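Full structure from sequences and hints, please.
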Amino acid sequence: MNSGEILLWMILPYVAVTTFAVGHWWRYRNDQFAWTSRSTQLLDGSVLGWASPAFHYGALAAIGGHVIGVCIPPSVTSGVGITEGFYRWFAGIAGGLAGLVTLVGFVGLVYRRATSDRVRRSTTRLDYVTYLLLTVLILLGVAMTLFHTLATSSPHEYRETIGVWWRSLFYFDPNVAAAQGAPLIYQLHAIIAWAFWGFFPFSRLVHAWSIPLQYLGRPYILYRRRYAAAPTKSR
Amino acid sequence: MRIRAQVGMVMNLDKCIGCHTCSVTCKQVWTNRPGAEYMWFNDVETKPGVGYPKRWEDQEQWRGGWELDRKGKLRLKAGGRVKKLLSIFSNPDLPRIDDYYEPWTYDYAKLITAPLSEHDPVARAHSQLTGKVMDEIHWGPNWDDNLAGAPERIHQDPLTDGIQEQVRATYEQAFMFYLPRICEHCLNPSCVASCPSGAMYKREEDGIVLVDQAKCRGWRFCVSGCPYKKVYFNHLTGKAEKCTLCYPRIENGMPTICSETCVGRIRYIGLVLYDADRVEAAASTPDEHDLLDAQRDVFLDPEDPAVRRQAASDGIPDDWIEAARRSPVYALAHRYRVALPLHPEYRTLPMVWYVPPLSPIVNSLETDGYEADPDHVFPAIEAMRIPVDYLANLLAAGDGEVIRDVLRRLAAMRGHMRKREVLGEHDEAIAAAVGMSIEDVEDMYRLLAIAKYEDRYVIPKAHTELAGRLMEQQGTCGLDFAGGPGNCGAIGYDSQVDVEGFMLANEEPVELDIVQMLGEQRRRDAERGRVDGSA
Numbered sequence: 001m002n003s004g005e006i007l008l009w010m011i012l013p014y015v016a017v018t019t020f021a022v023g024h025w026w027r028y029r030n031d032q033f034a035w036t037s038r039s040t041q042l043l044d045g046s047v048l049g050w051a052s053p054a055f056h057y058g059a060l061a062a063i064g065g066h067v068i069g070v071c072i073p074p075s076v077t078s079g080v081g082i083t084e085g086f087y088r089w090f091a092g093i094a095g096g097l098a099g100l101v102t103l104v105g106f107v108g109l110v111y112r113r114a115t116s117d118r119v120r121r122s123t124t125r126l127d128y129v130t131y132l133l134l135t136v137l138i139l140l141g142v143a144m145t146l147f148h149t150l151a152t153s154s155p156h157e158y159r160e161t162i163g164v165w166w167r168s169l170f171y172f173d174p175n176v177a178a179a180q181g182a183p184l185i186y187q188l189h190a191i192i193a194w195a196f197w198g199f200f201p202f203s204r205l206v207h208a209w210s211i212p213l214q215y216l217g218r219p220y221i222l223y224r225r226r227y228a229a230a231p232t233k234s235r
Numbered sequence: 001m002r003i004r005a006q007v008g009m010v011m012n013l014d015k016c017i018g019c020h021t022c023s024v025t026c027k028q029v030w031t032n033r034p035g036a037e038y039m040w041f042n043d044v045e046t047k048p049g050v051g052y053p054k055r056w057e058d059q060e061q062w063r064g065g066w067e068l069d070r071k072g073k074l075r076l077k078a079g080g081r082v083k084k085l086l087s088i089f090s091n092p093d094l095p096r097i098d099d100y101y102e103p104w105t106y107d108y109a110k111l112i113t114a115p116l117s118e119h120d121p122v123a124r125a126h127s128q129l130t131g132k133v134m135d136e137i138h139w140g141p142n143w144d145d146n147l148a149g150a151p152e153r154i155h156q157d158p159l160t161d162g163i164q165e166q167v168r169a170t171y172e173q174a175f176m177f178y179l180p181r182i183c184e185h186c187l188n189p190s191c192v193a194s195c196p197s198g199a200m201y202k203r204e205e206d207g208i209v210l211v212d213q214a215k216c217r218g219w220r221f222c223v224s225g226c227p228y229k230k231v232y233f234n235h236l237t238g239k240a241e242k243c244t245l246c247y248p249r250i251e252n253g254m255p256t257i258c259s260e261t262c263v264g265r266i267r268y269i270g271l272v273l274y275d276a277d278r279v280e281a282a283a284s285t286p287d288e289h290d291l292l293d294a295q296r297d298v299f300l301d302p303e304d305p306a307v308r309r310q311a312a313s314d315g316i317p318d319d320w321i322e323a324a325r326r327s328p329v330y331a332l333a334h335r336y337r338v339a340l341p342l343h344p345e346y347r348t349l350p351m352v353w354y355v356p357p358l359s360p361i362v363n364s365l366e367t368d369g370y371e372a373d374p375d376h377v378f379p380a381i382e383a384m385r386i387p388v389d390y391l392a393n394l395l396a397a398g399d400g401e402v403i404r405d406v407l408r409r410l411a412a413m414r415g416h417m418r419k420r421e422v423l424g425e426h427d428e429a430i431a432a433a434v435g436m437s438i439e440d441v442e443d444m445y446r447l448l449a450i451a452k453y454e455d456r457y458v459i460p461k462a463h464t465e466l467a468g469r470l471m472e473q474q475g476t477c478g479l480d481f482a483g484g485p486g487n488c489g490a491i492g493y494d495s496q497v498d499v500e501g502f503m504l505a506n507e508e509p510v511e512l513d514i515v516q517m518l519g520e521q522r523r524r525d526a527e528r529g530r531v532d533g534s535a
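Chains as they are written, first to last, in our numbering: chain A, 1 to 235; chain B, 1 to 535.
Don't read these hints as lab results, they were simulated from the structure.
Any given hint might turn out to be false.
Sample of chain A residues lacking proximity to chain B, with all beta carbon distances greater than 12 Å (derived) [stated by the list, open to error]: (1) Ile6; (2) Gly85; (3) Gln187.
Computed spacing ranges between beta-carbons, pair by pair [said to hold, decoys possible]: (4) His138/B / Leu126/A: 42 to 50 Å; (5) Glu322/B / Ala208/A: 50 to 58 Å; (6) His119/B / Ala34/A: 42 to 50 Å; (7) Arg121/A / Pro121/B: 42 to 50 Å; (8) His66/A / Tyr108/B: 39 to 47 Å.
Since the structure is predicted, the reported quantities are computational estimates derived from the model, not experimental observations.
Note that beta-carbon positions come from the ideal geometry of N, C-alpha and C, so glycine has one too.
Set out below in structure tokens:
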């Protein structure tokens, strides 16, 4: 293992996770005011009506697929009777569909941002970085599913390569060899994803943590006292 | 019964001259900022007219406010909680900026930097959204002011639906009046109910509805959920903003800036005590025509000793209860019954009420040689230039009888005072004809016609000694109060009080001294005026 490999496969993940955690903690404490989806629907709603739900629902499904794909070892799925072949087609078709919906929505959103003067002008530098990272990740992800799971006679079983390395990170014993057994496109996707997670807390992506599920259970009308009892929160 | 106090407002539309001073001073105080250019916490609309944003009153389009489901239960018109969460990525009912207008500014520097030329230099309009030159401006604030463009547009006003033949745009037959609008600070606010993040809230002490700028996540459902379209989305900060009822001023016993600067002195601010436990039942009243009485029933009579006792035990300070007894809002809305809520059929129980305009009819009668005698006025109310049906669509869920009743009272007041002042006659019949005592008619006259500053605004100061107590707690343990769990030495000396406020993120607590000083000045002026008799 050379130093570059150590940097990419051992150090980067932990740096990214640390940045991810500390970044969120810092942002939540210090920057509540900018913690928002920063929606541009008000400025231009033409494409957003279908593109935004497509992108978000597709992305949520894709995230679910990633959790199943890299967190659950093959021994568990085969243990409950899911065959290798079934898994491949399920992952390929469901994952491919999710990826495709995400991609279509994303293209719509990028098109809108590029063509609408109002929306383009409200785009920050951080937004551009976010869009760049998402573009690369989505394209790589869709390509992986398409060329290495679906339209191939020898599908790549990423659960034996990238998946093993991913899980080994949690034991603080990174299995670099497993990751290097994956095709280059998988390696790129994984490395760029770590950069993405490290960047996440500083972008407007943080609104993902604010999905307001508590809305389902709270009373409709909220009251607050001007002077709540003894607030002692330190800043 | 759980009694709460609400700061409410009444506007006397008879006296609004449509000068927009309220809008301008409000804008300069609150929305003179990037991202807020298009927001008017206070705006004045010409009625009939399209409104701001366009056709805001058409709830079939915008789906704001509440409705009753088949079982008669109250629900948000835009749909329930699950539907909201599922459509969170693209709010189907959100107005576009073009429904308000595209804000612009001018390159004023051109006027002084342009080189010498044959023609005067021109400052061109630049969009504040794109920065680009706008060759032609198609819509802007009060674009249809004073019925401008009415022949093409007047029937885009949703309130003219079904009464088109009464609402004419030809010069001889046209009618109009002004409708100043701010946030209604509703008892049953659908914006608060629509906010998935729980960032919007109603203050327990005074009922002011606010957006917590730190908690807002920009989901935008408050904007569409408010049937009055008085919550706005700041496209730069990604947060919702709305009329604050100038709470820093109200807390100091001063009227809102729109009221303070009102040239026509049309605005009244005062407290209303209400029963918080009956709000939902009142908003669920099956027949829309009964909503007005249902809301009046939620209000509690501060002259009733039982109400005062209960209010005190519910934690309302004594001076607030006293202020509620002198409240011009309660008097106009409940005692004299001449103020009406704006669109009660939205079921939000709004708290900015309106005295409908009578003047145009009296004017037209007087030019015909009549006096404002009820004998002439009552029949003429039917033939008013402002159709009763139009006012009914605005202020009474379409119930014309409510409007006629109010206009008769106003006409009776004028008739009574004219007889007393001009003819020196004392005629009890006029007041009796509208079911009022002479004392009430004359009190109402003082409130509506004389309209002294201290009668229009009866605003008790917020009990800041509570805040003072918090200041003492700064850097100490918040659990060390009587009966509290006691010492928590783990918390260090850097502990700080979390002061809530507009744009509060990382801001220092609002310094109120200047406001306070101005308040003192104002009060001194008022007192001097009373002594001089020149106020």
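Next item on the list: Check the following: the C-beta atoms of Glu322/B and Ala208/A are separated by a distance inside 50 to 58 Å.
Entry: The hinted range 50 to 58 Å holds for Glu322/B and Ala208/A, with Cβ atoms some 51 Å apart.
Check: Taking the beta carbons of Arg121/A and Pro121/B, is their distance inside 42 to 50 Å?
Finding: violated (26 Å)
Item checked: Cβ separation check - Gly85/A to all of chain B, threshold 12 Å -> For Gly85/A, whose nearest Cβ neighbour in chain B is about 34 Å away, the distance exceeds 12 Å, so it holds.
Notebook entry, point to check: Range hint 39 to 47 Å: satisfied by the CB atoms of His66/A and Tyr108/B?
Noted result: violated (54 Å)
Item checked: Assertion that Ile6/A lies outside the chain B interface [Cβ separation over 12 Å] -> holds (40 Å)
Check: Taking the beta carbons of His119/B and Ala34/A, is their distance inside 42 to 50 Å?
Finding: Once the Cβ atoms are compared, 46 Å apart, the range 42 to 50 Å for Ala34/A and His119/B holds.
Next item on the list: Would you assess whether Gln187/A, listed as outside the interface, keeps its beta-carbon beyond 12 Å of every beta-carbon in chain B?
Entry: It holds; Gln187/A is separated from chain B by about 32 Å at its closest Cβ, greater than 12 Å.
Margin query: Against the range 42 to 50 Å, how does the distance between the Cβ atoms of His138/B and Leu126/A compare: consistent or not?
Written below: violated (34 Å)
The structure fails to meet hints 4, 7, 8 from the earlier list, while all remaining hints are met.
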